[in-house]
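> Now for the letters of each chain:
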Amino acid sequence: MDESIVVTGIGVVCSIGANVPECFNSLKDERAGIEAVQYLKTVHKERFKLGEVKRSNEELLQMLSLPATSADKYSRTALLAMLAGQEAMQMAEASNGAKRTGVVSSTTVGGMDVTEHKYLKDNPDNSYLQTHPCGDSTRQLANFIGATAYYTTLNTACSSGTNALIHGARLLRHGIVDRVVVGGVDALTMFTLNGFNSLMILDTEHCKPFDKNRKGLNLAEGAGYLVLEKMKDAKEYLCKVRGFANANDAYHQTASSPEGNGAYSSMLQALEMSGLSANDIDYVNVHGTGTNNNDLSEGVALNRLFGEGKVPHFSSTKSYTGHTLAAAAGIEAVFSVLAIQNDIVYPNLNFKEAIEDLDLVPNTKVIEGLGVNHVMSNSFGFGGNNSTVIFSK
Amino acid sequence: MKLYIKSSDCISAQATFESGLPAELSPAENGRLSCLKPEYKKYISPKLLRRMSPIIRNGVSGSLSALGKAKIDVPDAIIIGTALGCLKDTASFLTQLIEENEELPNPTHFIQSTHNTIAGQLALLLKCTNYNFTFSQMHNSFECALLDAQLMLLDKQANNVLVGGVDELPDVSYELTKDLECYKNATLGEGGGFFVLSPEESKVEFKGVRIINADTCNIIDELKHFNLRIEDIDAVIGGDVEENDRAYSAFQQAFNDKPYAWYKPFIGEFGTASSVALWIAAKAIEEQSIPQCWLKHGKDTNRYNNVLVYSNVGGEQSIMVLSKN
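Read top to bottom, the protein sequences are chains A and B. 176 is the number of the first residue of the first sequence in the numbering used here; add one for each residue after it. 925 is the number of the first residue of the second sequence in the numbering used here; add one for each residue after it.
One or more hints might be untrue.
Below 16 Å or equal to it, Euclidean Cα-Cα: the simulated EDC-like pairs (lysine to aspartate or glutamate) are [as the list claims (entries may be wrong)]: (1) A:220 <-> B:1027; (2) A:296 <-> B:1024; (3) A:293 <-> B:1099; (4) A:296 <-> B:1155; (5) A:296 <-> B:1000; (6) A:293 <-> B:1169; (7) A:216 <-> B:1027; (8) A:216 <-> B:1026.
Label pairs and their calculated CB-CB ranges [as the list claims (entries may be wrong)]: (9) B:1156 <-> A:179: 31 to 39 Å; (10) A:179 <-> B:1106: 52 to 60 Å; (11) B:997 <-> A:301: 40 to 48 Å.
Taking beta-carbon pairs under 7 Å as the criterion, some of the chain A residues facing chain B (in silico) [as the list claims (entries may be wrong)]: (12) 240; (13) 328; (14) 338; (15) 369; (16) 558.
The set of hints was computed from the structure by calculation and includes no laboratory data. Built from N, CA and C at the ideal position, the CB exists for glycine as well.
Work the whole structure out from these sequences, hints included.
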């Protein structure tokens, strides 16, 4: 058991809170963070609701005790990463067996929030070239929390955060690092808002994951990180990382297969690695974006894995946070850990009617005291990328 | 467990694709080193090809060639490293949305703008449902991909892994980056190296990759990780961008009497240029020769047992070691 990997810290920032306690209270109080646009500069301000982190960049700098003069150094992506990464590391400091700490982060558009305002401008300010690469926010995070033994960035679209966890676990197992911060971050951008709009998969109202009348996703931002260590190095821990897997749907660049092959395969492989059986899973934090395609495909896969009528309690917390892209898996991993720690299952907000043929009803109210021991969390993305992680008490 | 480079290929500004180490090198044109285009149609249908940006074309062709040489239809894992991803599609989408004030830009550019389009397209073309990762950590993007592949093979989670590094230099990013301080003395380039790694024996053993984030690098200590001493190294491939590149001077001195190859003046500087260096190292061992035109220092010895690749861009350093089997 010594080689088991455990979670020793968690940190999160998203539309429902700027830290773990705030987010947990929102989850319990069924308070979503998807609202009218307040910060993002876009012509679509009136049209879409977004899951914005309710802090300006200036306020984020203050929260990080960084001087206002250093604003140009950081993309919003980096600031969000540093806020959540710092919280996770501070919690993990209690478990102090480890020395060499690394970071495996993930992001889809890196410093695009800066780039899109400076690109094609007459003023030849090319400072955004420093913050643009995906690796920049990771390097900033690693330097900020003193975790430079190794750092890298995954970009496998919206499945990235779980893939960061998979790579991080591998680094621990081989002793490349003693402790690793894993997760993901993305800031809202005009680029992604228009991108998802061009694909016609944005809901103009609150998203309705797994509902028959779902219309699309709400775009959002945030960051979520876990600190992982080997159990033998940790003095205390929050839960175990029991299994994980990545598989590819190999069906379409952006759409999921009708049979949910990739989703089924990643869930099955993660389950196999965990040594658990399907009916051991107490709660599934589904990918559940609220798009027609994802929820149908994921639903089919859930029915295939667990058997029709036997799918455990499940919900999409994207109904609270919106879809935070590469941050989603990190944020939902934090929520999964909290579900185990607090023995709670979150509701899937805005659900009314089940998808025809699927007969899958997500959990719609807060349930406590169920005995949540094993939680599965799904994250899927463009490029057919599917990932699943299982946390255990 | 020992790991081997079962096959490799390289797309660059030189005649490297489906070839050995070229004995003649062509100079940069208009201050940049653009890729020589492979005959893409050999690997990609014309219909698909039309939609693909250069990085996807090169990433897919290079990968399919490496897989073909290794006689692998479907790899157990696809792992790609790219520093800046699909820049051309990103720039197209961004330009359109800015110029047309967010009036429904073309979704194709958005779809193809994500970094994992290359690995995703490979999965689609190969009907490969296995592990599929894309790393993007600036100048260590390829090294991180390689490390993930190495650890995955050592864990016996795969028996063969396709691993590649690739970047593109469209006009727009050339114009933007050519004057940056950090590229002051470099010629910008593009391309990538593609490899099949496996525990199945080949001529070239892959000893491993080390990623070092520090101001200095203690080469003696680093080599200990590979059970090697300085005198065991028969050739070094350095990432120098100019004759007196300070990032490499101490390193070159440590191997003063060894052949020292360089490549960035010929294939250009870009985030995953070190993937080309690894290809050069693999060829040096396979062919037991390094054509003189690649050597910055020393003479071709025709005896290469251990070849070391060293990169250092702003303190983000890496070491890769290959040995003759």
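> Going through the earlier hints one by one, which of them does the structure break, listed in rising order?
4, 5, 6, 10 and 12
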